[in-house]
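K.L.:
Please model the entire structure based on the sequences and the hints provided.
Take a look at the letters that make up each chain.
Protein chains: 2
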Amino acid sequence: MSDKYQSFSQSPLGKLLVKNLGLPAPMKLERYAEGAPLVDGVVALGGRGRLAESLGGILSQLGVESTDAPAEGSRLKGLVFDATGLTSSDRLVALRDFFTPLMRSLATCPRVVVLGTPPELLEGGERVAQRALEGFTRSLGKEIGRGGTVQLVYVAEGAEASVASTLGFLLSPKSAYVSGQVVRIGATGSTDAPAVTDWTRPLAGKVALVTGASRGIGEQIARVLHRDGATVVGVDVPQAADGLVELMNELDGDWLTLDITAKDAPQRIAQHLKDKHGGVDVVVHNAGITRDKKLANMSEDRWESVIAVNLTAPERISRELLDQGVVNAHGSIVGVASIAGIAGNVGQTNYAASKAGVIGLVDSLKGELTDGITVNAVAPGFIITQMTAAVPFVTREVGQRLNAMSQGGLPVDVAETVAWYADPASSAVNGNVVRVCGQMMLGA
Amino acid sequence: MSDKYQSFSQSPLGKLLVKNLGLPAPMKLERYAEGAPLVDGVVALGGRGRLAESLGGILSQLGVESTDAPAEGSRLKGLVFDATGLTSSDRLVALRDFFTPLMRSLATCPRVVVLGTPPELLEGGERVAQRALEGFTRSLGKEIGRGGTVQLVYVAEGAEASVASTLGFLLSPKSAYVSGQVVRIGATGSTDAPAVTDWTRPLAGKVALVTGASRGIGEQIARVLHRDGATVVGVDVPQAADGLVELMNELDGDWLTLDITAKDAPQRIAQHLKDKHGGVDVVVHNAGITRDKKLANMSEDRWESVIAVNLTAPERISRELLDQGVVNAHGSIVGVASIAGIAGNVGQTNYAASKAGVIGLVDSLKGELTDGITVNAVAPGFIITQMTAAVPFVTREVGQRLNAMSQGGLPVDVAETVAWYADPASSAVNGNVVRVCGQMMLGA
Numbered sequence: 001m002s003d004k005y006q007s008f009s010q011s012p013l014g015k016l017l018v019k020n021l022g023l024p025a026p027m028k029l030e031r032y033a034e035g036a037p038l039v040d041g042v043v044a045l046g047g048r049g050r051l052a053e054s055l056g057g058i059l060s061q062l063g064v065e066s067t068d069a070p071a072e073g074s075r076l077k078g079l080v081f082d083a084t085g086l087t088s089s090d091r092l093v094a095l096r097d098f099f100t101p102l103m104r105s106l107a108t109c110p111r112v113v114v115l116g117t118p119p120e121l122l123e124g125g126e127r128v129a130q131r132a133l134e135g136f137t138r139s140l141g142k143e144i145g146r147g148g149t150v151q152l153v154y155v156a157e158g159a160e161a162s163v164a165s166t167l168g169f170l171l172s173p174k175s176a177y178v179s180g181q182v183v184r185i186g187a188t189g190s191t192d193a194p195a196v197t198d199w200t201r202p203l204a205g206k207v208a209l210v211t212g213a214s215r216g217i218g219e220q221i222a223r224v225l226h227r228d229g230a231t232v233v234g235v236d237v238p239q240a241a242d243g244l245v246e247l248m249n250e251l252d253g254d255w256l257t258l259d260i261t262a263k264d265a266p267q268r269i270a271q272h273l274k275d276k277h278g279g280v281d282v283v284v285h286n287a288g289i290t291r292d293k294k295l296a297n298m299s300e301d302r303w304e305s306v307i308a309v310n311l312t313a314p315e316r317i318s319r320e321l322l323d324q325g326v327v328n329a330h331g332s333i334v335g336v337a338s339i340a341g342i343a344g345n346v347g348q349t350n351y352a353a354s355k356a357g358v359i360g361l362v363d364s365l366k367g368e369l370t371d372g373i374t375v376n377a378v379a380p381g382f383i384i385t386q387m388t389a390a391v392p393f394v395t396r397e398v399g400q401r402l403n404a405m406s407q408g409g410l411p412v413d414v415a416e417t418v419a420w421y422a423d424p425a426s427s428a429v430n431g432n433v434v435r436v437c438g439q440m441m442l443g444a
Numbered sequence: 001m002s003d004k005y006q007s008f009s010q011s012p013l014g015k016l017l018v019k020n021l022g023l024p025a026p027m028k029l030e031r032y033a034e035g036a037p038l039v040d041g042v043v044a045l046g047g048r049g050r051l052a053e054s055l056g057g058i059l060s061q062l063g064v065e066s067t068d069a070p071a072e073g074s075r076l077k078g079l080v081f082d083a084t085g086l087t088s089s090d091r092l093v094a095l096r097d098f099f100t101p102l103m104r105s106l107a108t109c110p111r112v113v114v115l116g117t118p119p120e121l122l123e124g125g126e127r128v129a130q131r132a133l134e135g136f137t138r139s140l141g142k143e144i145g146r147g148g149t150v151q152l153v154y155v156a157e158g159a160e161a162s163v164a165s166t167l168g169f170l171l172s173p174k175s176a177y178v179s180g181q182v183v184r185i186g187a188t189g190s191t192d193a194p195a196v197t198d199w200t201r202p203l204a205g206k207v208a209l210v211t212g213a214s215r216g217i218g219e220q221i222a223r224v225l226h227r228d229g230a231t232v233v234g235v236d237v238p239q240a241a242d243g244l245v246e247l248m249n250e251l252d253g254d255w256l257t258l259d260i261t262a263k264d265a266p267q268r269i270a271q272h273l274k275d276k277h278g279g280v281d282v283v284v285h286n287a288g289i290t291r292d293k294k295l296a297n298m299s300e301d302r303w304e305s306v307i308a309v310n311l312t313a314p315e316r317i318s319r320e321l322l323d324q325g326v327v328n329a330h331g332s333i334v335g336v337a338s339i340a341g342i343a344g345n346v347g348q349t350n351y352a353a354s355k356a357g358v359i360g361l362v363d364s365l366k367g368e369l370t371d372g373i374t375v376n377a378v379a380p381g382f383i384i385t386q387m388t389a390a391v392p393f394v395t396r397e398v399g400q401r402l403n404a405m406s407q408g409g410l411p412v413d414v415a416e417t418v419a420w421y422a423d424p425a426s427s428a429v430n431g432n433v434v435r436v437c438g439q440m441m442l443g444a
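Chains D and E are the protein sequences, given in the same order. Take the first sequence: its position 120, counting from 1, is numbered 120 in UniProt numbering, and each next residue is one higher. Take the second sequence: its position 252, counting from 1, is numbered 252 in UniProt numbering, and each next residue is one higher.
It cannot be assumed that every hint is accurate.
A pair counts as met if it fits within one copy or between any two copies, since identical chains are not told apart.
[As the list claims (entries may be wrong)] Mimicking DSS-like on lysine-lysine, the simulated pairs with C-alpha atoms at most 27 Å apart in a straight line are: (1) K293 - K274; (2) K19 - K4; (3) K294 - K15; (4) K366 - K263.
Hints are computed from structural coordinates only; laboratory data are not their basis.
P.N.:
Structure (structure tokens):
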């Protein structure tokens with residue numbers, strides 16, 4: 001599962017070849033290690049708007065050092081720009097005026113966050129200017145290099161105090177493989193969130209259900225939610241029981257083996273969570289399958305099994321848990337979509353329909369949830385797992401390099417993103433679909 | 001400007017190499033010729049929903065032959081499926097049941113259109129199922145091959161009678177380079193539109209303003225709007241006056257030379273249109289510039305000139321024309337965005353911000369327009385012009401092949417899309433951003 005090209009490209013001979021042939025030079029991405037500070041360096045703040053004044057205080061609560069006036073020659077680990085004050089297109093030049101002089105002062109794997117107001121909540125020229133920010137951040141993500149990430153975070157009026165968990169995630173190595181994304185805070189649902197108390201264990205005392213938890217991305221999600229303090233209830237099919245039980249024992253968790261497409265599965269899950277845990281705080285619909293064929297050769301069985309596992313089951317389970325009131329206040333439901341669900345893919349009319357449907361599930365629930373419960377999805381790009389290890393070399397190489405990081409992501413990158421959604425301090429982060437893709441080129 | 005690789009790949013030797021090396025095999029795309037029928041073949045209809053019953057009649061008004069029961073072994077030029085009846089995810093299998101048996105009966109450059117209901121107007125499981133359609137159509141667009149196109153058209157309730165101009169465009173060779181797109185009809189603004197009278201000259205008696213009209217894509221837009229019956233008023237900078245005057249004389253049009261970023265430009269344009277034409281029906285903001293640099297090296301001048309021409313000028317001109325009531329009922333405003341404005345691009349923080357802002361302009365106007373006036377944008381991908389001819393060979397080759405058609409588009413492809421928006425019968429087509437990109441892989 002290691003990236004041999006990346007190791008080679010960082011050897012003396014590799015560096016020489018990469019430079020002379022113009023090959024991709026994937027940077028070794030920094031990732032979060034338990035016990036480390038969130039940000040290993042100083043973050044420079046800029047811009048004038050609704051958020052600027054409180055940013056320093058919010059970061060300081062997370063143990064992150066920031067400055068309004070970076071010293072000459074200092075190395076900056078992050079840049080945060082409050083663009084909420086840019087109310088017309090001719091004022092966008094403030095972006096250039098802040099960023100251009102600082103671009104050469106960035107440390108490795110730097111983090112850039114631009115804060116704006118959700119355009120759909122604005123009118124006229126202000127809406128235009130705020131929408132323009134997206135072209136800026138997506139371009140900067142593609143050119144920043146050296147493992148850097150760039151995000152646009154739209155914060156609704158009234159949600160200013162609810163940005164801590166999101167800034168903590170996006171400024172830290174937890175978001176190593178998340179770049180070029182647009183996040184909305186408080187645009188739908190709740191605009192306020194419980195304060196961050198202990199950011200190292202935000203899920204202490206919480207219960208997290210994870211489907212498909214026995215291996216791969218599901219296993220990492222279980223591990224990261226456990227690290228953050230949750231009791232994990234792993235779900236998988238009976239055939240995967242051995243791996244599931246072993247993992248849940250390791251994590252002091254609980255398990256349930258069933259086929260999520262069974263008619264009584266939602267009811268059984270709800271009953272189990274009520275009886276043994278008194279409810280659930282985090283629901284991660286991770287289980288998924290592929291049955292690829294071009295549409296000309298697609299059997300009804302291939303179509304129906306993919307839709308049933310990837311889409312209808314998450315719909316029915318979410319509905320049952322919500323209708324029975326099993327999801328606790330400030331809880332979160334997390335779907336797993338896919339780049340294929342956004343861009344489409346050859347041989348995947350069934351899979352892409354199911355994953356686009358997961359985005360539809362987020363959209364359909366985001367407006368009706370109460371008590372600070374949220375629904376969001378992750379959309380993984382090329383994530384290195386046992387499954388992708390079986391992909392032929394050239395296809396895998398091309399797939400891995402078609403992103404701003406020139407490398408595949410790791411299951412932990414998806415898991416960290418899920419953990420950010422799951423944090424009760426993310427109660428105003430609702431209705432988002434964030435790609436975990438190293439800003440992969442593919443899209444729509 | 002010809003595509004030498006495409007010609008070569010269709011020669012006997014080229015065909016052999018393409019097949020044995022697995023190279024892209026771009027199909028020669030059929031394009032619309034004046035006087036030809038809209039669709040050269042039979043369209044098969046399927047699905048059961050709000051639209052199914054009226055589709056045959058609508059197509060027949062456009063001179064298009066359709067059938068509910070295609071004869072065994074017949075070659076089909078198009079497939080239209082009414083998916084508005086699919087109210088839950090388990091019913092999506094109806095897509096497979098209709099399309100799979102027909103996929104081998106398609107003629108060259110086939111056209112597929114799936115009709116749905118805008119998900120944002122629905123709730124619950126129906127919203128999920130309708131959103132899932134997008135993964136299906138985008139995947140099918142990538143695998144259909146042979147110059148085929150696949151679109152998803154969301155038709156709001158009440159807008160059923162307003163689909164004619166859109167079906168005519170998407171089923172005809174006018175949409176040769178448009179694929180994998182999602183179009184909304186009646187989702188914002190007006191849900192009804194004037195009936196199609198003469199589809200060959202929908203703009204007879206209408207006045208169309210085109211900025212940057214002297215050459216390239218602007219020239220083609222002027223030519224196609226003229227073909228469709230419009231009196232074209234071309235606008236360009238004084239330096240381009242010779243080309244502009246020559247073209248407008250050829251098209252029996254009118255012209256105005258000015259710098260659209262000048263303070264008095266919106267007022268001068270409005271006055272000219274009122275005095276000489278009694279108003280305007282179509283406004284195409286085509287003029288645009290690039291001044292590429294990475295952000296680290298971006299001068300204030302490069303930033304400001306790009307924003308001023310590409311974004312602030314279209315905003316100010318639109319505002320002035322609307323405020324003065326110069327835009328006639330059933331008129332249309334058309335912006336030109338770009339794939340870079342959607343996906344971002346290295347060296348284009350300024351350009352991508354301006355083009356994302358054009359999408360913001362569409363969003364900001366779409367809800368406030370009355371009298372059947374619409375606002376939409378085109379987002380061109382790799383379009384072959386004199387500008388792209390100067391791009392180095394390898395970069396150009398890669399750029400041209402990174403799409404489902406394995407070839408660049410032509411300026412006329414952008415122009416035909418503008419003409420579809422401009423058609424008074426498209427009065428319910430509002431708030432759209434349609435890519436003209438051969439379903440380019442790049443996106444967000």
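K.L.:
Each of the hints needs a verdict: does it hold here or not?
P.N.:
Structure-based check of each hint:
1. K293 - K274: Answer is neither; intra-copy 40 Å and inter-copy 58 Å both fail.
2. K19 - K4: within (18 Å within a copy, 31 Å between copies)
3. K294 - K15: between (41 Å within a copy, 23 Å between copies)
4. K366 - K263: So K366 and K263 pass the 27 Å test inside one copy only (25 Å; across, 44 Å).
Comparing the model with each numbered hint stated earlier shows that hint 1 is the single one that does not hold.
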